[in-house]
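Novice: Residue-level listing of the chains:
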Amino acid sequence: MNSRPGEPLAVSPHGRGRWSCLVREELRTHGSVLVHGRLADWRPETAGDADSAAGAELRTLLGRDWARYLDLAHTEVRDRYAASRRLLKHAAAAALRADAADLELTYGPTGRPSLRGCDQIDISLSHTDDLLLVGLTTRGLIGVDAERADRQLYGKGLDRHICTPQERRDLDALPPDGRNPSLVRLWTLKEAYSKAIGQGLQFRFTEFGFGPDGRPVRVNRPDGTPGSGAEWSFSTYALDVGGVAFCVSAAVHDAGLGRTLDTEITTMLDAEAVSAIHAALGEPREPTSSEAMLSGPPRPS
Amino acid sequence: MDLLSTRTESAGNEPARTESAGTELAGLIALFRDELGVELTERDLDTDLDALPGWDSVHLLRLVLLLEEGTGRRLPLPDVLEARTVRRLHTLVSVSVSVSVGGVGVGGGGVGSGNGRL
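Chain order of the listed sequences is A and B.
Position 108 of the first sequence, counted from 1, bears residue number 108 in our numbering, the numbering being contiguous throughout.
Position 17 of the second sequence, counted from 1, bears residue number 1017 in our numbering, the numbering being contiguous throughout.
Please keep in mind that the hints were generated in silico from the structure rather than gathered at the bench.
Hints may be right or wrong, so weigh each one.
Sample of chain A residues at the chain B side, in silico, Cβ under 8 angstroms [what the hints assert, rightly or not]: (1) Leu-72; (2) Ile-197; (3) Leu-201.
All residues carry an ideal CB built from backbone N, CA and C; glycine is no exception.
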């Protein structure tokens, strides 16, 4: 089953109605979607003053992330933090037909973000330079990564810490001018995969590898033999953003549940979240058939 | 003193000998500036590395590589990730170097070493 997203969609804070439809269409078609925006477009129009209209709007949008945003000392880092979460929440809101301010991000032990109460949609975020990148999937897990295509990785000894022995042999077999682009591709694939599994750099990059470009991509063991099956799909894209070339990769794990054609938030909320909302509202109700399937057999109270 | 001036002499599995018992914080700051292109101010020393302007995982990997070359010791990546700030990183490197002088390496699982996970 092919879970690879289509070409990344370029999005801006303006015209959300138009690209929101495309996000949902991509999710229906592929089960996954990549969107990218520019830091310059998504940068908040506030320096963190919650009393201003823009500041109040950002505070509402960031929710629990507002405190972390205020803690960041460097303006560039704060802007990047806010801009990336603006894009992430608006992209997720588009997929869910929800209000971005109603979505809350939560973070795992390694910083992996997820949407609280929406277990059926997975998210991933990457940003570098002027590029912000978001991945969404209803398949299972997703990880994305972006890097400037001209970033110099090869020749500084980094390949020894990034590559498996087989990958280093593959790189050495390339013409010299092809080695750095290939290492950038490998780096983004490894980052995407490790982010999908929630490990980041904790999972040593020399422990798993990928084959050369131009062939079906799968995870390999250090000696180059297959290490994963068809449940994982990988893709790499070349993006031109404002005249700068980027290498973008995505890793998607298909949990085998099939595509979810309806991603509206009322359908995507997990059963426990729906029950908690109704309990808070004092509205006793019968679970829908889909919730009953999700929650499994009744548990003793 | 520059961190790299504490370069150790080691061969094979022999404990490393250092020219200096410790590493200076100023050397680490210079390494960030000169090798990674990251300018640090006093307040940045206790800032999470992820919250430094321009910082990313490539910088982290390159930093580990430079520290390993500079100290002659392998640095366990989980320890570096856990250090999180420049000041704690300096402590980690100092401990690694001073312990190595005593002949008891704290490494074991430096970047790139295998434990067969897949």
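Novice: Does each hint fit the structure? Answer for all of them.
Specialist: For each hint, the structure was consulted:
1. Leu-72: 5 angstroms, holds
2. Ile-197: Interface hint status for Ile-197/A: violated (10 angstroms vs cutoff 8 angstroms).
3. Leu-201: 6 angstroms, holds
When each numbered hint is compared with the structure, a violation occurs for hint 2 only.
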